[in-house]
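Chains A and B are the protein sequences, given in the same order. Letter by letter, the first sequence follows residues 1 to 414 of our numbering. Letter by letter, the second sequence follows residues 1 to 507 of our numbering.
Everything labelled a hint here was simulated from the structure, so no lab data went into it. For each residue, glycine too, the CB sits at the ideal point set by N, CA and C. Only true hints are included.
In silico BS3-like links for lysine-lysine, alpha-carbon gap of 27 Å or less:
hint	chain 1	residue 1	chain 2	residue 2
1	B	K427	B	K321
2	B	K464	A	K361
3	A	K314	A	K338
4	A	K130	B	K464
5	B	K63	B	K106
6	B	K464	A	K184
7	A	K63	A	K114
8	A	K75	A	K63
9	A	K184	A	K314
10	A	K37	A	K63
11	A	K371	B	K464
12	B	K104	B	K162
Far from chain B, by Cβ distances over 12 Å, these chain A residues were calculated:
hint	residue
13	M27
14	E29
15	W69
16	D104
17	R313
18	K314
19	L344
20	E359
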Amino acid sequence: MDYTDDEMKDFYYTAVRMNTGIDYKVMREMYDTGLIKSHRDLYDLAGVPESRLNGYALSDRGKGKIVEWLEAEDKVEKACERYMQTGAQNGIFVLSVESREYPDNFRMLGGMPKVIYGKGRKELLKRASKYGSVAVVGSRNASSYALYATESFARDLSCKGITIVSGMALGVDGKAHQAALEGKGSTIAILAGGPDNIYPSENRELYRQIAAKGLILSEMPPGQQPLRQYFPSRNRLIAGLSDCTLVMEAGDKSGTLHTASYAAVQGKEVFVLPNNIYCENAKGGLKLLEDGCNVLYTADNVIDSVSQAILCRKMEYPELSEGDDEQEAQSEGRAAEKEKLAMLRLKADRSPDEVTEDEWKALIEDRLSVKPLDIDSLSGFFALPFYRLSELLIALQMSGRVVLENGKYALTFF
Amino acid sequence: MAGKPSIARIYSGFTRGTDCVVSELEISVTPGIPTFSVIGLCDSSIRESQGRIMSALRSAGFKVPKGHVTVNISPAYMKKSGSGFDLAMAVGILFASGQIPFPKDKRVYAEGELSLDGTVKGTPGSAMRLNKARTNGFGFILIPEEERDSARCTGFEGQCVKTLSDACSVFGFTGYKPERFELGEVSSQKTDRPDISMLKGQEKTKRAIVLSAAGFHNMLLLGSPGSGKTMAAGILSGILPPLDPEETGDVYALYEALDGPSAKISQDRPVRIISPDITPGKLLGNTLSMTPGEMALADHGVLFADEIMQFPSQVLDLMRKPLEEREVRLFRNGITYTYPARFIFIGAGNPCRCGMLYEPGSRCRCSPGSVRRYMSRLSGPFLERIDIFSEMRSIGKDDMAHMYADEKDAESPVIREKIAMCWQRQKERYGGRQFNSSITSPNIADSMRLTKDILDYCSELASKGLFSARGYQKTLRLARTIADYEGRDDVIRQDVSEAAMFRAHEM
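Chain B extracted, bound-state conformation (with noise of 0.2 Å):
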């Protein structure tokens, strides 16, 4: 006669997408011949942690409960994957067969994967997961040591442990000793960016990248080849200020649900480079693995597509709602996973065929016709996505010497402290994380502070031919981080006619 059965309950979490769900877990031990099965709509993945838990369970000391084991893992009507169960699994083992005591009126939460001889590694997600548990009450939290970056970047209470010894030992003689995570010190990467004052000769791509930073706008180079353009992106991410606490936490979040442990927690902005044979998948994320796309994985940070003309017109077009709505939506089984892709992307590219259109003289052998359909490449609702255009030219041999003569100090650390200055100046005029190229307001020359007297300063450029309608209220944009970046609480006419000259290229 089969007894009642021992039921321990015991949670942990699993990732799916951004989606993050913490589970209940089940498991009775019933007296019989020995099986073990887990239930849920689970993949191999966890139906495989029979020979991984058993084994660790007796390398541990542990004795393998002889009769049914029942693994039944909550809410059953959701697919779930990944090996962070079998911690859970084998404390809730260990519970149910009564070979550690049950705390009572406590809930247990416990992740990581087992591994034969009974160590516990941490598995991808973890940043996600452990930022859900954290805000769930538990009474005792149990995380891999390997996950100890996941929890500093979460700001989390909970105990690492590095084997299922230690696991176990807390519940007896040991105790709970939960520890407070915190981000504390990270140390920086970022030192082989090229310096703004290499772009020696090349004032208006200095200042384009400068204002690109400062108020998050978007851009678009065009200039002959080696006129320096995938310097500009390096550049652009020099002086980028640090990452915050926040933004660091969803950054890593994103790297870690990739890589899985081996990701740095970084205050560096992420650059991602495209180039032109990238897939759809690759760019938007794969609905399939659910693995982000580059757009998602530049969040915060630079995307950058190099030879952008060169990119099939499918590819472009793919990107020009994340490019409005900074997120990109993945629909998976009815079910949409939205990733914030809250970046500054760069195109880079040649003018036309023959890349000399901007060169000094005229060394462009292409016909106007050829020079009109290469920049037709780029649709208009593209371009619309644009804030700022210029143009590049290689430089001379003058330039050249300058460049390399009067050794100077290196500028982008003070003009990194001034756009991070100008950020926080937008911050508190528009309250939380917005820029001045995305806030979106039913009256946006109250919200920016402009005057009538510059809105029709503005029209009368647009109405010389300057620049489109379309144009318009990116140049307001643009002029109010020119503003900003100035210190100017208000904008001021000169900030229009500078915002001007990076809308030319638009004609």
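Extracted from the complex, chain A is given alone in its bound form (with noise of 0.2 Å):
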């Protein structure tokens, strides 16, 4: 993989921060003095003497780190490139604040990092903003109870669209990202060490298949190993990606409630799932609860929670999702979806014969998506005998495209 000049310049920026006494107070600095525009720019101020850095009011301790910083110039170039070597042979990928791919959640919450590495399918990022994610997290060595639970809600959640963040720790997060993988829908895992970084060893199979079906992501760059103190901040961006939280299962000082914590400053929805109060092991939710999160019980409840989450983002951020070159695209598929639907009109009505159970199922949505109509009037318009009919309406609602109400079918949300 060969990385480009601003992605070089993103690398670049982790390096800064990752070896030298630059900490997010200088870097505050130098945006609010106006040294530096973009993250990117560090990369050019790498070259400048010394000097230059006096016509900026830059405070002692700030200027103090930056020189440090330019002195230890080599240190700094020399990790950049181990960075891209280790990314670019383990197929790295990287985002930063400048890219259209960036996670919409991350940009509008503050403290989130500019730049993060991935591996996977980056076109997940989007989905996960566009039809909602959920993160599900949990103890490590969880009770049957609780992992039960989370497999049922992960795939529940998941064959609703919803994408499942998770920690791809042991447990529960393994857990649920397993039961994601077997729903329709996707899955990310956040890892506290570099994306490349397989942590615990014991989820190697699950991390390859992540990678090949899901997408990984992390703040540290390639190579890095996760050290303890990663940890909390990786939670941080846990939260930070979904849309809601889901607690499986928290002792007392677990990790499980950072997350839950972050995910509450943010804003977002806490569901914990209620459990046997003589287990040690779930005093930490049950704390949770007592200070006011929402009893997980039903996963419809979440589903309610994350359309809001969308809607939200929908009105506060048009213009995260609208005007860009997926919009086009989609249009431009959409047209290229109508024109196909109107050949397969076609072909229903002269050759029913012909058409596979996918085009009747296309139809059949086609014509709810108008308006919900009842079994009468949809076997009026097509040539298909009611028991071909009644089966598909039944496979239509038990893979949750299609729901009864009143007599009547209609699409679902998702």
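From these two lone chains plus the hints, build me the complex, please.
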């Protein structure tokens, strides 16, 4: 994998942040004083003489740190190259606030990393933003009850097209990813170390599957080992990327509680699976409930919360989803789809025997997209015997595409 | 001095509810002041027979014996009623008084009401009585000419008589010429039933009706006023195959017991329509007069409850047990009378207060709460006895045009043939007159030939919330009927998914 110049600058930014004393305060100062306009400018700043800094109203501490960095430029340069090399070897991509694929949810929050690294299907980020995402987190040594609930909720939500976000840890996290992979939805794992760093190693196979069908993300550059202190920060990203958080089981001092509190701070709903009060490993979750979190007992409530979040995102940040190329591509796709449907309709009229099952389903969905209809009206539209139509409708109902309301079939939201 | 009384023995019968008893009559004539007494817990209809018998005897040219005439009807502990003993009593008096010779070594059975001029008339309940008398090995069986139909239905051997003199001549010079009665050709009155093709644009209901007939499944039709619910009941009776001879006998016996000789033999299946103002007595049967109720009268046919939502819940709950057991029980004086009630139950009603819930668009003005309350008039246990649910919406103007434009051939006769074949399949599989809806067996899956795959698929549908746990077995039964109707030996997934369509309503 080759990286563009801009991407190289993203790597450089990370190298600076990881290897020098420049922290978020110094960054803030540089922005405020106008020294840099974007994180990518750091790269261009590397070669300038110290004297240029005098023109900006930097604090002594800030200036000291920058000078320190400029003196140790070699080290940073080397680190950057190492990152890029490891990244290229492992097929790691890089995203920054400047790029369009950067997650909308991160953009809406403050304090999210400017540069993130990932492996897998980048497009899932847009999808998560469009159809919503849920963080499913919990203990590493969870009870079988929590694991069962995790599997059932993750699968149900995934079947509705919602992306499941978690941390690929043992226990609940891993289960959530697995269930999501089995469903039709996608899943995103956020790691504490670099995206090429499989942790825990027991989940190697799961990692491979997620990298193939889902997405692995990290704020750490390729090659970075997961250190103890990185985990809370990673939990912040899990909460930040998703629209609401499900806490399946959390002990008294569990890292899961971090995720929950980040979610709460970010103004997102937290659902907690109620558990046995005598179960030591569930105390943290029960405390969350005491503090006023939602009780997780049906997926419907979660879906409501997610659709609300999607709506908010659309209302408050219309620019996030509108006017971009994807939209155009979509409308083009839609036109093509319309044409295809028109052809299908003709085919259904002339030679109904040749229409395949999926095509019938598309035709039925097309009819229902106008308004809910009862089965008698539907059978009036198609030259289908009743038993075939009922079979198709039952299949659509099973997959959650269609629901029966007041005797009429209606399309579901997703 | 009173001499040794001359006693004649003769047999007749009476019915009480579903019970039928052959009773022995002893008639004694002893010299003395003329009296006439009947003993043996008889009601006034029997005691009044004195007038009819005396007059009939004189009209036929016989002498009324001078002396005490005592008639004892056994079993003496059972209450009896009905005028059917007249003929037996009259013939017995003639035997006892020696006016006609008493046949040695042969038992005589006679029944019929006498009129003053000696004509013999039929009495209600004859079909049941003859069925009993048939197997009792009587040497002479005399029945009124009017009871010929009853005799035909029971496959009976005996002689019809028109008058008392006819009856007497059997023991005289003309002799006993028994006739073998058979059902023979029965004319069908089935003409004015609406054809199923009238249900244009209502595919679901159409299919529901066919399946209901094919497996004797109970059905609930909910739809707006004017969507053709009542017509659906007429269509159903039109596609049911005719009664077989045995069933014809069952049905005739019941109607004959109610209406007497004016009942007609018919192979049409009975259709009983009940409305919300029905009393429990009319529905289950009256224990006082021992008349069968509508549920018993619908045996082998259809019971149609119009405006089912308006039925008081007590009445609906009364129907629960008979629907489950397929028989009605009446209790009187510590005795249980059981009427079979193997009918298809169809309930028709509105889905909500305004009735427009299923109409295209959103014409319903009811709040969700009111819809729920309205639906909850049908209790869970009652719904549990319903196999098929179908919504009906009023037909649009396009459908109307179709309905009258392409005047197609009647579809009902073709479907009736298919249903007859479907019944045959079920009969062969279960043995006896059993249907998919009624078969009870410890292992339904085995007796219905359901594979593991089908059972799994069905539970998968149930777990997706398409129907409840109690709907599980109903769905399987209905799927079996669909497979039978389509002529398949094994149930396939398609059958189950179609069956599930008819459960969707119970949510």
